[in-house]
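Student: Going letter by letter, the sequence shown gives residues 975 to 1255 in this note's numbering.
Take these hints with a grain of salt, some might be off.
As the list claims (entries may be wrong) - Each pair of labels, with its calculated beta carbon distance range:
id	residue 1	residue 2	range
1	VAL1254	VAL1069	24 to 30 Å
2	PRO1180	GLY1055	53 to 59 Å
3	GLU1049	ASP1168	19 to 25 Å
4	GLU991	SER1037	23 to 29 Å
5	LYS1008	GLY1084	41 to 47 Å
6	VAL1196	ASP1168	21 to 27 Å
7	GLU1049	VAL1016	17 to 23 Å
8	GLY1042	ASP1017	16 to 22 Å
9	LYS1223	ARG1085	39 to 45 Å
10	LYS1116	GLU1032	29 to 35 Å
11	VAL1069	VAL1016	18 to 24 Å
12	GLN1013	ASP1172	25 to 31 Å
13	ASP1168	GLY1084	27 to 33 Å
14	SER1037	ARG1085	25 to 31 Å
To be verified - Restricting the straight-line Cα-Cα distance to at most 35 Å, the calculated cross-link-like pairs of lysine-lysine (DSBU-like) are:
id	residue 1	residue 2
15	LYS1170	LYS995
16	LYS1066	LYS1029
17	LYS1113	LYS977
18	LYS1245	LYS1223
19	LYS1035	LYS1079
20	LYS1079	LYS1128
21	LYS1245	LYS1035
22	LYS1010	LYS995
23	LYS1223	LYS1176
24	LYS1029	LYS1175
25	LYS1107	LYS1029
26	LYS1128	LYS1170
27	LYS1224	LYS1175
28	LYS1053	LYS995
29	LYS1255	LYS1223
30	LYS1224	LYS1035
31	LYS1047	LYS995
32	LYS1175	LYS1035
33	LYS1008	LYS1176
34	LYS1183	LYS1170
35	LYS1113	LYS1079
36	LYS1079	LYS1053
37	LYS1066	LYS1107
38	LYS1255	LYS1116
39	LYS1053	LYS990
40	LYS977	LYS1029
To be clear, the hints were calculated from the coordinates, so they are not data collected in a lab.
Heads up, the beta-carbon is just placed ideally off N, CA and C, and yes, glycines get one too.
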Amino acid sequence: MNKVLILTDSTCDLSKELIEKNNIQILPLYVNFKDKTFQDGVDITPTELFAMVEKNGELPKTSAISIGTFYVKFEEYLKEGYDIFYTGISSKMSVSYNNAVLASKEFEEGRIFVHDSLNLSTGIGLQVLKACKFRDEGKSAKEIYEAMQGIQNKIKTSFVIHTMEYLHKGGRCSSMQKIFGTFLKIKPIIRVTDGKMDVYKKPRGPMHKALEEMLLDIKADVNNLDLDHVMITHSFADEDVPFLLEELKKLNIPNIDVTRAGCVISSHCGKRTIGILYIVK
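Model the full assembly from the supplied sequences, consistent with the hints where possible.
Tutor: Encoded structure:
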């Protein structure tokens, strides 16, 4: 049996420590400012991204990993003797998944397995870590792929959006929605359902109230949690992390990882976005 390589993309938002500890390989998506293109997490950081947004007054476009890039990387790893398990951003949010499938068809059948996460951020990362666990148990790439089927429906992903500015700039809410949302101090809670983002709740008032509202879901699921990993993922929401950590620890959750969103996720959600992501059994 060939050794197995776990491959994902930069939108998984796993920490450097988790990536290195679990020997995960990352392919970057792209962030495009007019005539400049950057690789997410390679030659641009979220700090630099937000500085450019403030300077230019507009959001960048983000773009998928090309078929050619997948082909080159797949070929490289196959030549090193690996079979490949790949998962990345949802097929309903990016063409990266389809590009990976098309590239994989150029190689010997049974060497590359492409899994649709139907998720984003550490909703992908949780699945990547689960695949790593299966790899470390000695499963083949095919066995990992088979074991991962259906896990997409067990991922719970929700984020509180602090400002509607980035949703507006990115065309995800109208000017009128932004004005009323700002006036009413709405902090939307976004969740991922069937591979797509939607507005789950619209709590009004301070950020703290929205965080408490978001916590209700994991509290309801506390007796049905997969305890391998529970994620707090955020974009410059350091002031909110301690509260969520404290509340999750009250639930006796043993493994809580705090990670930062990369440039692609940050560009769509904006500063002080923060989420809780986990798997139910």
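Student: Are there hints from earlier that the structure breaks, and if so, what are their numbers?
Tutor: Failing hints, ascending: 3, 10, 25, 30, 40.
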